[in-house]
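Residue numbers (this note's numbering), protein chains in the order written: chain A, 1 to 81; chain B, 82 to 321.
Hints were generated in silico from the structure; no laboratory data involved.
Every residue, glycine too, gets a C-beta built ideally from N, C-alpha and C.
Be careful, since some hints might not be right.
Take a look, some chain A residues computed to stay more than 12 Å from chain B by CB distance [stated by the list, open to error]: (1) K11; (2) E13; (3) E73.
Here are the computed distance ranges between Cβ atoms for each label pair [as the list claims (entries may be wrong)]: (4) E247/B - V47/A: 36 to 42 Å; (5) L29/A - R112/B: 43 to 49 Å; (6) E44/A - R112/B: 37 to 43 Å; (7) F31/A - L264/B: 27 to 33 Å; (8) M1/A - R112/B: 44 to 50 Å; (9) L299/B - V47/A: 55 to 61 Å; (10) D53/A - E247/B: 50 to 56 Å; (11) L299/B - G33/A: 39 to 45 Å.
Residue-level listing of the chains:
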Amino acid sequence: MARVVVDVMLKPEILDPQGQAVHRALPRLGFEGIADVRQGKRFELEVEGPLDDAALARIHEMAETFLANTVIEDFTVRVDS
Amino acid sequence: MTATSSTAAGPTGLGNARIGVVTFPGTLDDRDTQRAIRLAGGEAVELWHRDKDLKQVDAVVLAGGFSYGDYLRAGAISRFSPVMEMIIEGARQGLPVLGICNGFQILTESHLLPGAMLRNNHLHFICRDQRLRVENADTAWTNSYEAGQEISIPLKNIDGRYVADERTLDELEAEGRVAFRYLGMNPNGSLRDIAGITNAAGNVVGLMPHPEHAVEPLIGTGRTDGLGFFTSVLKQLVSA
Numbered sequence: 001m002a003r004v005v006v007d008v009m010l011k012p013e014i015l016d017p018q019g020q021a022v023h024r025a026l027p028r029l030g031f032e033g034i035a036d037v038r039q040g041k042r043f044e045l046e047v048e049g050p051l052d053d054a055a056l057a058r059i060h061e062m063a064e065t066f067l068a069n070t071v072i073e074d075f076t077v078r079v080d081s
Numbered sequence: 082m083t084a085t086s087s088t089a090a091g092p093t094g095l096g097n098a099r100i101g102v103v104t105f106p107g108t109l110d111d112r113d114t115q116r117a118i119r120l121a122g123g124e125a126v127e128l129w130h131r132d133k134d135l136k137q138v139d140a141v142v143l144a145g146g147f148s149y150g151d152y153l154r155a156g157a158i159s160r161f162s163p164v165m166e167m168i169i170e171g172a173r174q175g176l177p178v179l180g181i182c183n184g185f186q187i188l189t190e191s192h193l194l195p196g197a198m199l200r201n202n203h204l205h206f207i208c209r210d211q212r213l214r215v216e217n218a219d220t221a222w223t224n225s226y227e228a229g230q231e232i233s234i235p236l237k238n239i240d241g242r243y244v245a246d247e248r249t250l251d252e253l254e255a256e257g258r259v260a261f262r263y264l265g266m267n268p269n270g271s272l273r274d275i276a277g278i279t280n281a282a283g284n285v286v287g288l289m290p291h292p293e294h295a296v297e298p299l300i301g302t303g304r305t306d307g308l309g310f311f312t313s314v315l316k317q318l319v320s321a
């Protein structure tokens, strides 16, 4: 079965306080040298049937209308091989 | 679950106006909202998320809570429920719709209102009485107030930070569509202190604070500042 990965990230201009909280914790835990952290979501889709252009188009539509809120988030769709 | 309705002859004698209150799995404030509607003089009609008709209601309130556990994003899954399809269609034709807290999140996810709600900038759940300024007193849900009036109603959420791009914010300001603004300290990092907005027609209004928890002097803030939302829509329906 083919796997498609959809990554969803807050747009660069949107404040990400969760990422900031992770970033602030790093020095305390001994992890140095990280300039910034942004937190996002990853969806792994197990696709039934052939992964053709039509199937990928549907997944793109799913990501755009449901998995991501494009008012605040960007997304990428890629086939995991 | 079957839908039932209850009537109370309200003080304003508008007991025949039917206001639907939607219950999703995870909704918390539906009962308080029904009670607020009855106190204002309307008839509260229960709507279930799977309902495929709106039971001839004259207006709808999307109550607060954590519908579908806020999974994915607050309001993201609720937006695709059967009842929301009816409400989105109705709202576009002028049906008065009020979204409170999670209801506001559902309205932005439905694109009935612009922008989006994000995690509070301080990452904490906040629960307190909140002072607001009513900026627009011409909507279906605010016509009982005066423009510029200050009210105090409870605020309780963790995803209350209103965001939209600069162009949308400028548009909202220019068209008088910022309906409520936070007074005092901004509780969550909402851009331009926005607590609630309206659509251009004034029938769809969303806000994060909870008017339905401030309708009786004995509980909540000890004031009845929230009752005006519900008397507003009843007034609007009678004059329509």
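Now for the hints, and whether the structure bears them out:
Distance check on K11/A: its Cβ comes as close as 9 Å (rounded) to a Cβ of chain B, failing to clear the 12 Å threshold; non-interface status is violated. With a least beta-carbon separation of about 8 Å from chain B, E13/A fails to lie farther than 12 Å from that chain, contradicting its non-interface assignment. Not every beta carbon of chain B lies more than 12 Å from that of E73/A, the smallest distance being close to 9 Å; the non-interface claim is violated. For the pair E247/B and V47/A, the beta carbons lie near 38 Å from each other, so the given range of 36 to 42 Å is met.
Between L29/A and R112/B the C-beta distance comes to about 45 Å, which sits within the given range of 43 to 49 Å. Look at E44/A against R112/B: about 39 Å separates their beta carbons, and that is inside 37 to 43 Å. Checking the proposed 27 to 33 Å range against F31/A and L264/B shows it is violated: the Cβ atoms sit about 41 Å from each other. For the hinted restraint 44 to 50 Å between M1/A and R112/B, the CB-CB distance of approximately 45 Å keeps it satisfied.
Restraint check, L299/B to V47/A: a C-beta distance of roughly 57 Å satisfies the suggested window 55 to 61 Å. Range check, D53/A to E247/B: about 37 Å between beta-carbon atoms, so the 50 to 56 Å window is missed. In this structure the supplied range 39 to 45 Å is violated for L299/B paired with G33/A, their Cβ-Cβ distance being about 58 Å.
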